[in-house]
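S.K.: Could you build all of it, start to finish, from the sequences and the hints given here?
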Amino acid sequence: MGDIEAFYRAGKDKLFGYLVRMTANHDLSADVMQESFVRYIEHYGSGPCQYSLLYRIARNVLTDHFRRNNRFTYMDDDVVEDNCVTPEQTIVARDAFQQVLNAMQKLKPDDREILSLAAGDGNLSYQQIGEITGNSEANVKVRIHRARLKLREILKKGGA
Amino acid sequence: MKDELISLFIDDELDLDEKTVFVETVHADPTFTYETLALLKQEKLLSTPLSINRPMPVMATRWSPLLKRFWSFQIPFKALAAGLATAMIVIFVMQPETLLFRPKSQKLFHRFVIFEPGVQQAEIAGSFSRWKPLPMKSSGRNGYWEVTIELSPGEYEYSYFLDGKKSVADPTVQFGEEDDFGNINSIIRIGT
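Listed in order, the protein sequences are those of chains A and B.
Using our numbering, the first residue of the first sequence is number 1, and each one after it goes up by one.
Using our numbering, the first residue of the second sequence is number 1001, and each one after it goes up by one.
These are calculated hints, taken from the structure and not from any lab test.
Possibly wrong hints are sitting among the right ones.
Stated by the list, open to error - Reference excerpt, derived from the structure (chain B facing chain A, CB under 10 Å, subset only): (1) E1013; (2) E1035; (3) L1039; (4) S1047; (5) R1054.
Source: prediction; values computed, not measured.
Every residue gets a Cβ at the ideal spot worked out from N, C-alpha and C, and that includes glycine.
M.R.: Written as structure tokens, this is what we have:
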């Protein structure tokens, strides 16, 4: 159980980040994060901890949960880690993040997913992303860059 | 092709040869450099650190909200006693084989019962119904409402809805979890 607890502590914020980038919905992301760990622990808790497997479960749980996606989409004040000095900076950071999240929602699901997986500190490797999405590493490499360029185009057009 | 080096650089996926090409290109091509900086800025924004404060989803933490509710006496004692009695009946008399002895692979019929004599309508909604409310049947005038649902083995969250609005956790079930609206959903394991 100790390993699982460490796995949960190390992985929950990263998985939550992936889900927020995918959905722009705090509540849904929190629910899916927790449900994913529940399923992981139930089925694979006794084996070695595998992030790729956890993310694959999260993808499935997210698909299952889209039926409940009738909640208001917003970012809670306490979701974005407060590394800013003043309240004004916090608001600016949150607004900027919300803007990029909104732009993400305009990408095709495949592009959104691959960028969501690649982003974040201590992000997943291309090999892991390939395992999660069922693509080759070479394919992941190409797709990530194309998706980044598409996101940039949307942001340039003020499409957020 | 060289453009993809930017993403490889951002994601720490460059090998030594690619690093050489990347640095040479940055020195030789201002447009490439500008593009790299723009995508780095975008990535930094997209990678904004997020945190979520939720306890690890194990039973030891799941049932604390319901326990709290128990100790604060928000659940009427009579209803609790009746609920527990009903649970005993359900488990040991009415359907012992469905809850205790059936193999995992089979679908199981589970009877949900709640004692609520003062309401006109009772429904149940849970993960098994995709949170769509299912009507419960009144068992005469004794205040019990019941519904039998066919379920695959697994864990389910659910709640009772009284008179179309009030959400009530199952007082006969030990484990519960608070949802994002402050309601307690009961958690039950079927056949596992």
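S.K.: For each hint, tell me whether it holds in the structure or not.
M.R.: Hint by hint, here is what the structure shows:
no.: 1; hint: E1013; result: holds, 5 Å
no.: 2; hint: E1035; result: holds, 9 Å
no.: 3; hint: L1039; result: holds, 6 Å
no.: 4; hint: S1047; result: holds, 5 Å
no.: 5; hint: R1054; result: holds, 6 Å
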